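So the sequence lines, in the order shown, correspond to chains A and B.
Numbering of the first sequence is given in our numbering, commencing with residue 11 and proceeding in unit increments.
Numbering of the second sequence is given in our numbering, commencing with residue 6 and proceeding in unit increments.
Hints in this document: simulated from the structure, not taken from any laboratory.
Quick caveat: nothing in here was measured; it's all calculated off a predicted structure.
Watch out, some of these pointers could steer you wrong.
With a straight-line cut-off of 30 angstroms between C-alpha atoms, the simulated DSS-like cross-links for lysine-lysine are [to be verified]:
{"no.": "1", "chain 1": "B", "residue 1": "K545", "chain 2": "B", "residue 2": "K493"}
{"no.": "2", "chain 1": "B", "residue 1": "K290", "chain 2": "A", "residue 2": "K98"}
{"no.": "3", "chain 1": "A", "residue 1": "K94", "chain 2": "B", "residue 2": "K194"}
{"no.": "4", "chain 1": "A", "residue 1": "K94", "chain 2": "B", "residue 2": "K312"}
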Amino acid sequence: MADPGTQEVVLEDLEATTRLTGRKHILSLLVEDKPGVLARIAGLFSRRGFNIDTLAVGPTEDPEVSRITLTLDGAVHPIDQVTKQLHKLVNVIKIRDMDPDATVAREMALFRVQATVEGRAEIMQFAEIFAADIIDVSRRTLTIEVTGTQDKIDAFERMIRPHGLIEMARTGEVAISRSRPDQ
Amino acid sequence: MRAADALCEALKAEGVEHVFGIPGGASLPIYDALYDADLNHIQVRHEQCGGHAAEGYAKASGKVGVAFATSGPGATNLVTAIADAMMDSVPTVFVTGQVRTELIGTDGFQEADVTGITMPVVKHSFLVTDPRQIPRYVHEAFHIAATGRPGPVLVDIPQDLSRAEIDYEPPEGKPDLPGYKPPTEGNIKQIRLAAKALANARRPVIYGGGGIVNANAAEEFRELCASDRIPVTLTVMGLGAFPAPHDQWLGMLGMHGTRTANYAMDEADLIVAVGARFDDRITGKLSEFAPRAKFIHIDVDPAEISKNVPAHIPIVGDARDVLPKLTREYRALKPDSARLEEWWGRIQEWQANHPLRYEDSRDTEIKPQFMIEAMYEATGGDAIITSDVGQHQMWAAQYYHFNRPRQWINSGGLGTMGFGLPAAIGAKVARPDDEVVCLAGDGSLIMVCQELATAAYHDIPVKVFLMNNGHFGMVRQWQELFWAERYKAVEMGPSPDWPKLAEAFGWTGMQCSDKGELRDAMKTALDADGPVLLDVHVTKDENCFPMIPAGAAARDMVG
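Bound conformation, chain A alone (with noise of 0.2 angstroms):
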């Protein structure tokens, strides 16, 4: 873009930014430890009507400061506006906006399912394939621990719901910043 000092500008021409983005965005947030800060948190998205997909929090490096990490849909949710109402919250340190093709994310969900003697084995078999761990056994269930994309996790849940989903928990996408290779 030339440098808008110099061009001409023809009001027609000026274009405002659009709202929506339309894919699903991971917010990354590092907010004060401090008595509160989630339910700020919280109380800003149902006040200002933003839903939430899902939450994680968790430490960081630094003691004092913790991180949240927050997905949202930017289909329905002008996403510019979410981050801007976040930064007036003083407790918010940091936003990250994280960038699709330069995060790495990932998310843990347990699955406690129905296994029946005919269905054991294909169970275990999904289980392998996508890299599970069996970390329960009763006489008529497993309960199974997956990590991974959210894709992916909808995607084992799909495959073992016919067998009889009894529970599940799922913490919420976690997102880190990948390094670049020369890093």
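Knowing the structure of chain A, use the given hints to seat chain B on it.
Then chain B, alone, in the frame of chain A:
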């Protein structure tokens, strides 16, 4: 020293001279510290009004207003004022007492989770968990309240912690908060782009809001307006930032703005928004708002930009920094003012065809608009005017021509009834040498009439000009126009004898119902010592026009 004494020292270090409040059990240590502190405490009669008085103080002075309340009901009574300060970006610090630390979470006597309750309506809040935090949080609270986009900050202090012994040294410099870096300077490339767009516009309008007043940038705003013959309009919060009357002045815009201002927005090709937030009372039906316009949006709060109306040229920064640069860049382009001739022709046509007008009575009856005109004349147009919300507020905005910032103090965003009297008390404390008049509605005044005691007790000579129409007038107007005249709960019924009520509180009470006597009555009230309430009986069923019906477009104004 005790942490409560450190609290007072910290307030003084922030330049605080006056605080508004009511004591209670959980704030006993704080009030014990106030006994010795060199701070003027104004004892209000309801915490909500303490909050509004702090707002009035802040709006009149530009300094941070401070209000105190005790825990539980004291703190919850503050909530309306906190929300009001949030909506109108008023720099305020609220200090609440909290129950003792070991009682928090037990539903103790007078316990309320005030940080939780107020979370959606504060700029920031602090719950003290260590007595050493108290003075530090106070300094941080002032920094946050006053900088960037101003707003309310709450500091909630458990009773046991305010009694603890701590060391306190006033800090040097401003606090460093890792998550709080308000923008100041605007991006110069964006400013240049804006200047060029403005120079190319043939139907531009400058639309200013309360942000200009908050940024103390009225002079810089006027410079920008003076750089060419660009038409200027202001929101109800911005009134006074540009002097009225003036040959570039279109009047206020929005729901009860002038037809000229609203039509100009409707037909503009470029709108320069300065410290304004495209509230629904401005835009009317959003999809039909200013359909031909491109938008330059200057605001210190990045989240306001493109929130309601997408901006073509966003400029994030303090108006006081951005406006002089924009003026300089614009002047350097030497734009040809002749390009605006056609636009002014159109505007002057609207001005001639649609001036603000009302039908005056043919007898002695006082029309509410006449009352505002009389008030303008009696005060020489120079008084600080506070108001509540409703018809009287809109008539004042239309007919009292504000010519300087901080002259017009009202509740714009939250629209809080009863704001005017406590705000007038706060404004008079801030500006004792200025005439301060509360233009009150009778529906509003009765909500806060206990504050007549505050003004009498502390000898604060405010004047209340009561526009008494015996109704919740604006709601009555809506029931008449949009709800088939099914009037419900809008008539005030047997109102008090206001002059007697005023006298009972130690005020001077006056009454007027003859328009021939009104100006003199107002002058008498203004010249009298001490607080005076002048009860003015006006037409009961006058409607405030013109108006954009809710959800309609600007060009569909009625009345």
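Outcome of the hint check:
no., hint, in the structure
1, K545/B x K493/B, "holds, 15 angstroms"
2, K290/B x K98/A, "holds, 28 angstroms"
3, K94/A x K194/B, "holds, 21 angstroms"
4, K94/A x K312/B, "holds, 10 angstroms"
In this structure, none of the earlier numbered hints is contradicted; all agree with it.
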